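Take these sequences, add in the hints, and give me the full structure.
Positions in the sequence shown are counted from 1; adding 7 to them yields my numbering.
The reader is advised that the hints may include incorrect statements.
[Stated by the list, open to error] Lysine to aspartate or glutamate pairs mimicking EDC-like chemistry, simulated, CA-CA at most 20 angstroms apart:
#1 Lys9 to Glu26
#2 Lys9 to Asp25
#3 Lys9 to Glu22
[As the list claims (entries may be wrong)] Pair by pair, the computed Cβ-Cβ distance ranges are:
#4 Gly66 to Glu16: 36 to 46 angstroms
#5 Gln67 to Ala43: 17 to 27 angstroms
#6 Val34 to Met8: 16 to 26 angstroms
#7 Pro24 to Gly56: 39 to 49 angstroms
#8 Thr68 to Ala43: 13 to 23 angstroms
FYI, nobody ran anything at the bench for these hints, they're computed from the structure.
Computed from a predicted model, the values in this text were never measured in an experiment.
Glycine included, every Cβ here is placed at the ideal spot set by N, Cα and C.
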Amino acid sequence: MKVRLAYGESGLTVELPDEATTVVTPVHHAAAPDQAGVLRSALREPVCGPPLRERVRPGQTVAISACDGTRHRRLQRPDL
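See below:
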């Protein structure tokens, strides 16, 4: 099976054995209208574990990384 990958500037086509290949097509969702609010809510009430404010003490720094799974993308949210 030939599979086209989003790789580099122009992509990459690879040949893979049919019996060992499963192609998963991503499901795209519209962005939340209030992205900053969604992020704040996730930090205040995470799915698992204590809120960020209970994990970090004053003076400590935090890095938040969100990956779309296909490539590096720098994102900054100055409005938070």
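Status of each hint after checking the structure:
1. A threshold of 20 angstroms between alpha carbons decides the hint, and for Lys9 with Glu26 the separation of about 13 angstroms falls inside it, so the pair holds.
2. At roughly 9 angstroms between alpha-carbon atoms, Lys9 and Asp25 fall within 20 angstroms of each other, so this suggested pair holds.
3. For the suggested pair Lys9 and Glu22, the alpha carbons sit about 4 angstroms apart, so the restraint of at most 20 angstroms is met.
4. In this structure the supplied range 36 to 46 angstroms holds for Gly66 paired with Glu16, their Cβ-Cβ distance being about 42 angstroms.
5. For Gln67 and Ala43, the Cβ-Cβ distance of about 22 angstroms falls inside the hinted range of 17 to 27 angstroms, so the restraint holds.
6. Between Val34 and Met8 the beta carbon distance is about 21 angstroms. The supplied range of 16 to 26 angstroms therefore holds.
7. Here the CB-CB span from Pro24 to Gly56 is close to 41 angstroms, well matched to the stated 39 to 49 angstroms.
8. Taking 13 to 23 angstroms as the suggested C-beta distance range, the pair Thr68 and Ala43 conforms, at roughly 19 angstroms.
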